[in-house]
Amino acid sequence: MSDNTTTETVTLTVDGQDVTVAKGTTILQAIDQVGTEIPHYCYHPGLSSPAMCRLCLVEVEGAPKLLPSCVTQATEGQVVHTESENAAGMRRGVLEFYLVNHPLDCPVCDQSGECKLQDYVFAEGRERGRSREPKRIFGRDDFGGDVLFYGDRCVMCTRCVRFMEEIEQKPLLTIVDRGTRSIIDTFFDRGLEEAEWGGNVVDICPVGALVSKDFLHKARAWDLKHTPSVCGSCSQGCNIDLHTRDNLVHRIKPRFNADVNGHWMCDYGRGNYEWMNRSDRVEEPTFVDDGRAVQLGWDVALEALEQRLAGVTGGVKAVVSASWSNEDLGAMAKFVESLGGGEIVFRSARAEDESPLRGFPSLARRRDLVPNIKGAELLGMTRVGGDEGRGGLEGVADHDGLIVVLGDDLADQDEFFGSKASLFVYLGAHTSVGASAAHFTLPVSTFAEQKGTFTNHEGIVQEFLPALEAPGSARPASHVISSLVGAPA
Amino acid sequence: MGYPYSHDSEVPMLTKHFGDPEARTLAGWKARGGYAALEKALAMSPADVIEEVKTSGLRGRGGAGFPAGIKWSFMPKEREKPHYLCCNADEAEPGTFKDRELIRWTPHQLIEGCLIAAHAIQAEHVYVYCRGEFFEATQVFARAVEEAYEAGIIGADVMGSGHTIDLTVHVGAGAYICGEETGLMNSLEGRRGEPRIKPPFPAAAGVFGMPTTVNNVETLCAVPHILANGGEWYRQWGTEKSPGTKIFCVSGHVRRPGNYELPLGFPLSELIHDVCGGIRDDNALKAVIPGGSSVPFLSEAECRDCMLDYEGVIEAGSMLGCASVIVMDEKTDIVHQVRRMAEFYAHESCGQCTPCREGSDWVVKILRRIEDGRGTEEDLDTLMEITRQMTGTTICVLSDSVAAPVQSSIEKFRDEYLALIRRGERVGAA
Ligand SMILES: Cc1cc2nc3c(=O)[nH]c(=O)nc-3n(C[C@H](O)[C@H](O)[C@H](O)COP(=O)(O)O)c2cc1C
Ligand code: SF4
Ligand code: SF4
Ligand code: SF4
Ligand code: FES
Chain A
1 MSDNTTTETV TLTVDGQDVT VAKGTTILQA IDQVGTEIPH YCYHPGLSSP
51 AMCRLCLVEV EGAPKLLPSC VTQATEGQVV HTESENAAGM RRGVLEFYLV
101 NHPLDCPVCD QSGECKLQDY VFAEGRERGR SREPKRIFGR DDFGGDVLFY
151 GDRCVMCTRC VRFMEEIEQK PLLTIVDRGT RSIIDTFFDR GLEEAEWGGN
201 VVDICPVGAL VSKDFLHKAR AWDLKHTPSV CGSCSQGCNI DLHTRDNLVH
251 RIKPRFNADV NGHWMCDYGR GNYEWMNRSD RVEEPTFVDD GRAVQLGWDV
301 ALEALEQRLA GVTGGVKAVV SASWSNEDLG AMAKFVESLG GGEIVFRSAR
351 AEDESPLRGF PSLARRRDLV PNIKGAELLG MTRVGGDEGR GGLEGVADHD
401 GLIVVLGDDL ADQDEFFGSK ASLFVYLGAH TSVGASAAHF TLPVSTFAEQ
451 KGTFTNHEGI VQEFLPALEA PGSARPASHV ISSLVGAPA
Chain B
1 MGYPYSHDSE VPMLTKHFGD PEARTLAGWK ARGGYAALEK ALAMSPADVI
51 EEVKTSGLRG RGGAGFPAGI KWSFMPKERE KPHYLCCNAD EAEPGTFKDR
101 ELIRWTPHQL IEGCLIAAHA IQAEHVYVYC RGEFFEATQV FARAVEEAYE
151 AGIIGADVMG SGHTIDLTVH VGAGAYICGE ETGLMNSLEG RRGEPRIKPP
201 FPAAAGVFGM PTTVNNVETL CAVPHILANG GEWYRQWGTE KSPGTKIFCV
251 SGHVRRPGNY ELPLGFPLSE LIHDVCGGIR DDNALKAVIP GGSSVPFLSE
301 AECRDCMLDY EGVIEAGSML GCASVIVMDE KTDIVHQVRR MAEFYAHESC
351 GQCTPCREGS DWVVKILRRI EDGRGTEEDL DTLMEITRQM TGTTICVLSD
401 SVAAPVQSSI EKFRDEYLAL IRRGERVGAA
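Protein chains in written order, with the numbering used here: chain A, 1 to 489; chain B, 1 to 430.
Keep in mind the hints are simulated off the structure, nothing from the lab. Please read all numbers here as calculations on a predicted model, not as lab measurements. Idealized CB from N, CA, C, for every residue including glycine. One or more hints might be untrue.
Partial list, derived from the structure: chain A residues whose beta carbon lies under 10 Å from chain B [what the hints assert, rightly or not]:
(1) 45
(2) 85
(3) 89
(4) 90
(5) 128
(6) 131
(7) 178
(8) 298
(9) 313
Interface residues of chain B toward chain A, partial, derived using beta-carbon atoms under 8 Å [what the hints assert, rightly or not]:
(10) 66
(11) 80
(12) 83
(13) 265
(14) 269
(15) 351
(16) 354
(17) 358
(18) 392
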């Protein structure tokens, strides 16, 4: 470390308000600190700043011209005006320029409701645009992958081009032609299907020029509920929001976390949500009594289970899934402990390689394609089986004592799994052939339906909140298990 | 010797050998005293060369008129990284045709100027960025460069001085914006020809991120003369603030259009009526654009006392720019001319900045409508406001170049617009 222990600061005035910022901060960031936002398109905190949209121009006393706040550094004693007639008038002018060729097709545009052109123009644009001229028409283009391009809506901020160049570092997008004929395009027959992080361009596009094919016309932005969550598709643990409506996940968006994923997430994680909406769920606690399936609610089921547990012999073998929370897995570990201990195993799919995001080195789609490997390992659980997440349960399948399964769908097992067990308890979300022999089938919620934490590959513990209502009587596994070990649920 | 016409008022310095094919060869150039200035400069320290050019007061001929010696002194004194010189030969401003003639008649004059400047700023490499459409000029120049390399004038050990200076001829692909110095650098690096935001300034981080100076062809061509004869000598022409000679490219409705090398401060009316032989068909003068199509119009009245130096033209109401004098007689349809200029700039806008990208296209559409007789008086107010918002708000000044002719023509020739608009109203009512 250098001797530079104290950060130097500068104090400037923004619209009459003093603000102290670290030296090197831009005026735009200083304005942000004051709590107001200066409109901007080409600036994005995760990308370089070309200062080309000219929307963020501010008046700085003593400067001969308006200055782009996104690249102008804050200096001691600077007096900045964002609301002066000069600055605000120019901003109104730039906004009007954007509307000269913009199609204003908000009613059929997916971005409507979360569009920066709508927001800015509503906030301070002219009531009526003065252009009476015919508009330029570009039409629509398939950019490959999940990305559709509506050329007429583009505000030419080049964020998308810069993301591909600077962050994914696969320059698959470019600007073609110049002047008002400039248009974003892919190269000939290549496109974003070659990208692994291409979906981010949809997020950072400030308008509805880049939209998701998967989400196209599925929901209006203002109808979606956003719930903070953590991606369940690999051990990186990208921070996300689950966007839901009518108890269905409609899309996943990355949520900023400077240490874990910045502004970004991978295409694989983004697209992997349909399973959260699956309908083949275990909904009611069921147990087999004298060959009859009994469904009489949680109290009866748990009481019956407690009785059966009291007489069980032959030792316990447990199988869990590392897609379940630390709280669920922790309860499981305690439960096995209370029964005298035994091995807890988990299986997990592993990709052949990591898939790094070159421009944001701490982020990669990790090899482990489940979120809580680290959590399971820290609880002393052991990985078994192959890289496809199958096999490794030979010793469990024929066990003649107690078998407890949490979360693992047993998708590779047949109906004889656990048939020799003196007691087989399946705490699962989905119905499964492998669980046919279970004496107790107890419905549990997925992480999308409950509060909890995952521990990512670096050991960072991250919380998620319930975005969906669990089906039927399903409840968090930790609640179910804790009631068995006598701890309050 | 001007070319194709010349006049007694001329001071032929840079243009002395125009029309003389022998001056194009190395032997011919040397026979005319060529490369003596380079030899002299190489024996001087870089600082002394810069001092001499500062003394001359030579101002950049690419349009902005920034003093060349001062620009060179911005370069780092110590060469810690490679230094580069870019010669701007992208000449594409409508009405400008001096650099092309300098290159095709006196290629060695330019090479000499480049090498002296490179020595002054301690550049190891000179890039000459030629406009893509300059087929003949580029060929002539490339041949001269080859000759100079063979003779040991360019390359390792320039004229036995121990300095290495290489020179590359780079041909553009035909974009006006690559004449803007930072657009030129991007283009040279193989990127899109888009001007860069400043800072950083070229002397700190220019082409390939290295300290760079960009100079116009005519600026560099004046340098050997200054080194040969001294900075004070150069000041015998021109004014205190605008010393020396300048090539005026005269086009439009004069009898003898062409390049004329005159001392700065020359009267505009004398240029038109005497040097260029007056207006065609003895028509009356209507307007002059004195500095290439990106500067404001001068009305006939404003032309009368206008002196052609950097300060004089500003005083008259426009700018000297690159001294491309476009003369328009009474038969000229101003709105038509403005529309064509605006179309040029709209077509050449690189498209980065919203005011320039959207504004120039909008301006063109309105002007077309007015020309078609479908305009309104409100359109004139809109044009004034759009162009005001295009001025001083963008990365480079191309945007301002759209605005200047539009604004000045509406201010000075409003009745021409109104005539078109009223005619339109009548047509509409019938
Ligand atoms: C849009 C635009 C186009 C330009 N085109 C040219 C050009 O073709 N040739 C040129 O020498 N300078 C041109 N310039 C000016 C250059 O940016 C630069 O100022 C000049 O080359 C510096 O040389 P000087 O100091 O010797 O004049 C242009 C500037 C702008 C804004
Ligand atoms: S497509 Fe979107 S992100 Fe890309 S340049 Fe256009 S507006 Fe910007
Ligand atoms: S990198 Fe991993 S955690 Fe991040 S979005 Fe992709 S799959 Fe999810
Ligand atoms: S002013 Fe026009 S030409 Fe200059 S950088 Fe901006 S968009 Fe490009
Ligand atoms: S955000 Fe500053 S110019 Fe675009």
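Here is how each hint holds up against the structure:
1. Hint on residue 45 of chain A is violated. Least Cβ distance to chain B is approximately 18 Å, over the 10 Å limit.
2. With a least beta-carbon distance of about 13 Å to chain B, the hint placing residue 85 of chain A at the interface is violated under the 10 Å criterion.
3. With a least beta-carbon distance of about 8 Å to chain B, the hint placing residue 89 of chain A at the interface is held under the 10 Å criterion.
4. For the restraint placing residue 90 of chain A at the interface with chain B, the shortest Cβ-Cβ distance is roughly 6 Å, inside the 10 Å limit, so the hint holds.
5. The beta carbon of residue 128 of chain A comes no nearer than 12 Å to any beta carbon in chain B, farther than 10 Å, and the hint placing it at the interface is violated.
6. Because the smallest distance between the Cβ of residue 131 of chain A and any Cβ of chain B comes to about 6 Å, under 10 Å, the interface hint for this residue holds.
7. About 5 Å separates the beta-carbon of residue 178 of chain A from the nearest beta-carbon of chain B, less than 10 Å, and the hint is met.
8. Hint on residue 298 of chain A is violated. Least Cβ distance to chain B is approximately 61 Å, over the 10 Å limit.
9. Hint status for residue 313 of chain A relative to chain B: violated, with the closest Cβ pair at about 76 Å, above 10 Å.
10. A least Cβ separation of about 16 Å between residue 66 of chain B and chain A goes past the 8 Å threshold, and the interface hint is therefore violated.
11. The closest approach between the C-beta of residue 80 of chain B and any C-beta of chain A is roughly 23 Å, which is over the 8 Å cut-off, so the hint fails.
12. With a least beta-carbon distance of about 26 Å to chain A, the hint placing residue 83 of chain B at the interface is violated under the 8 Å criterion.
13. Look at residue 265 of chain B: its Cβ only gets to about 28 Å from chain A, farther than 8 Å, so that hint breaks.
14. This hint is violated: residue 269 of chain B has a C-beta 33 Å from the nearest C-beta of chain A, more than the 8 Å allowed.
15. For residue 351 of chain B, the shortest C-beta to C-beta distance to chain A is roughly 4 Å, which falls under 8 Å, so the interface hint holds.
16. Below 8 Å, beta-carbon pairs count as interface contacts, and residue 354 of chain B has one with chain A at about 5 Å; its hint therefore holds.
17. For residue 358 of chain B, the interface hint holds, the least distance from its beta-carbon to any beta-carbon of chain A being 4 Å, beneath 8 Å.
18. Interface restraint check: residue 392 of chain B against chain A, minimum CB-CB distance 5 Å, threshold 8 Å, status holds.
Hint violations for this structure: numbers 1, 2, 5, 8, 9, 10, 11, 12, 13, 14, all remaining hints satisfied.
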